[in-house]
Amino acid sequence: MPISPIPQGVYPSVTALDPKALRAKGITLVLADLDNTLAPYKVLEPDPEVAAWKEALEREGIQLFILSNSRKPGRAQQYAEALGVPFQGHSGKPKKAGYLRAMERMGRGPRETVMVGDQIFTDILGANNAGVVPLLVEPIRLAGNPARYVRYAIETPFRMLGRRRRFL
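According to our numbering, the sequence shown is numbered sequentially starting from 1.
To be clear, the hints were calculated from the coordinates, so they are not data collected in a lab.
On a predicted model such as this, the values are computed, not experimentally measured, just so you know.
Even glycine gets a Cβ: it sits at the ideal position worked out from N, Cα and C.
Just so you know, not all the hints are guaranteed correct.
[Claimed, not checked] Listed next, with one range per pair, are the computed distances between beta-carbon atoms:
id: 1; residue 1: Arg164; residue 2: Gly74; range: 36 to 44 Å
id: 2; residue 1: Leu161; residue 2: Gln78; range: 34 to 42 Å
id: 3; residue 1: Gln78; residue 2: Asn145; range: 16 to 24 Å
id: 4; residue 1: Glu138; residue 2: Lys72; range: 17 to 25 Å
id: 5; residue 1: Glu104; residue 2: Arg23; range: 16 to 24 Å
id: 6; residue 1: Asp47; residue 2: Lys20; range: 15 to 23 Å
[Said to hold, decoys possible] Derived DSSO-like pairs (lysine-lysine); straight-line CA-CA distance at most 30 Å:
id: 7; residue 1: Lys72; residue 2: Lys42
id: 8; residue 1: Lys25; residue 2: Lys42
id: 9; residue 1: Lys20; residue 2: Lys72
id: 10; residue 1: Lys42; residue 2: Lys96
id: 11; residue 1: Lys95; residue 2: Lys25
id: 12; residue 1: Lys72; residue 2: Lys96
id: 13; residue 1: Lys96; residue 2: Lys20
id: 14; residue 1: Lys72; residue 2: Lys25
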């Protein structure tokens with residue numbers, strides 16, 4: 001089966017993903033990218049809105065897990081500890097091994113897991129490869145790196161297709 005770069009919906013932010021709606025779909029684990037998904041690059045503390053969203057997930061029996069490709073020493077760990085969630089850095093997205101390791105650690109399978117990220121060719125492609133529902137969010141901030149503008153421009157057709165495929 002070909003691996004798809006198309007998400008199951010495009011959402012304005014992680015906090016736009018309603019925990020009750022996720023639970024109604026049978027979701028018990030949210031894997032989330034860190035940079036430009038949960039927080040802007042270099043930010044080490046969660047903002048109050050993300051912390052409140054994490055608490056709402058927990059009230060619905062959903063665990064949040066940070067699945068990051070960050071190679072910056074301590075970045076994912078410091079943010080995860082501040083938020084009070086487990087994490088995995090150096091995940092190797094889009095390879096499916098990182099997704100499978102995270103689900104195994106949490107005792108969950110693909111049918112009860114979603115991946116939330118801001119990039120098609122890492123987060124979404126990897127989630128589809130691992131059999132996890134891929135949910136794309138708009139990047140928090142593009143400023144600072146011209147390559148990001150190019151990458152997001154290349155992703156535009158897949159983002160447009162994803163807007164037609166709503167999971168929630």
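Against the structure, the hints:
The hint said 36 to 44 Å for the Cβ distance between Arg164 and Gly74, and at roughly 40 Å that hint holds. In this structure the supplied range 34 to 42 Å holds for Leu161 paired with Gln78, their Cβ-Cβ distance being about 36 Å. Range check, Gln78 to Asn145: Cβ separation about 21 Å, and the 16 to 24 Å hint holds. Here the CB-CB span from Glu138 to Lys72 is close to 23 Å, well matched to the stated 17 to 25 Å.
Taking 16 to 24 Å as the suggested C-beta distance range, the pair Glu104 and Arg23 conforms, at roughly 22 Å. Between Asp47 and Lys20 the beta carbons are some 22 Å apart, a value that agrees with the proposed interval 15 to 23 Å. Among the hinted pairs, Lys72 with Lys42 is consistent with the structure: their alpha-carbon atoms are about 9 Å apart, no more than 30 Å. Taken as a hint, the Lys25 and Lys42 pair is broken in the structure, with Cα atoms around 33 Å apart against an allowance of 30 Å.
With a C-alpha separation of about 34 Å, the suggested pair Lys20 and Lys72 falls outside the 30 Å cut-off, and the hint is violated. A C-alpha spacing of about 26 Å is found between Lys42 and Lys96, which places the hinted pair at or below 30 Å, so the restraint holds. Simply put, Lys95 and Lys25 have alpha-carbon atoms about 25 Å apart, close enough for the 30 Å limit, and the pair holds. At roughly 21 Å between alpha-carbon atoms, Lys72 and Lys96 fall within 30 Å of each other, so this suggested pair holds.
Note on Lys96 and Lys20: the hinted pairing holds, with a Cα-Cα distance of about 27 Å set against a maximum of 30 Å. Straight-line distance between C-alpha atoms of Lys72 and Lys25 comes to about 34 Å, which puts the hinted pair past the 30 Å bound.
Violated hints, listed in ascending order, are 8, 9, 14; each of the other numbered hints is respected by the structure.
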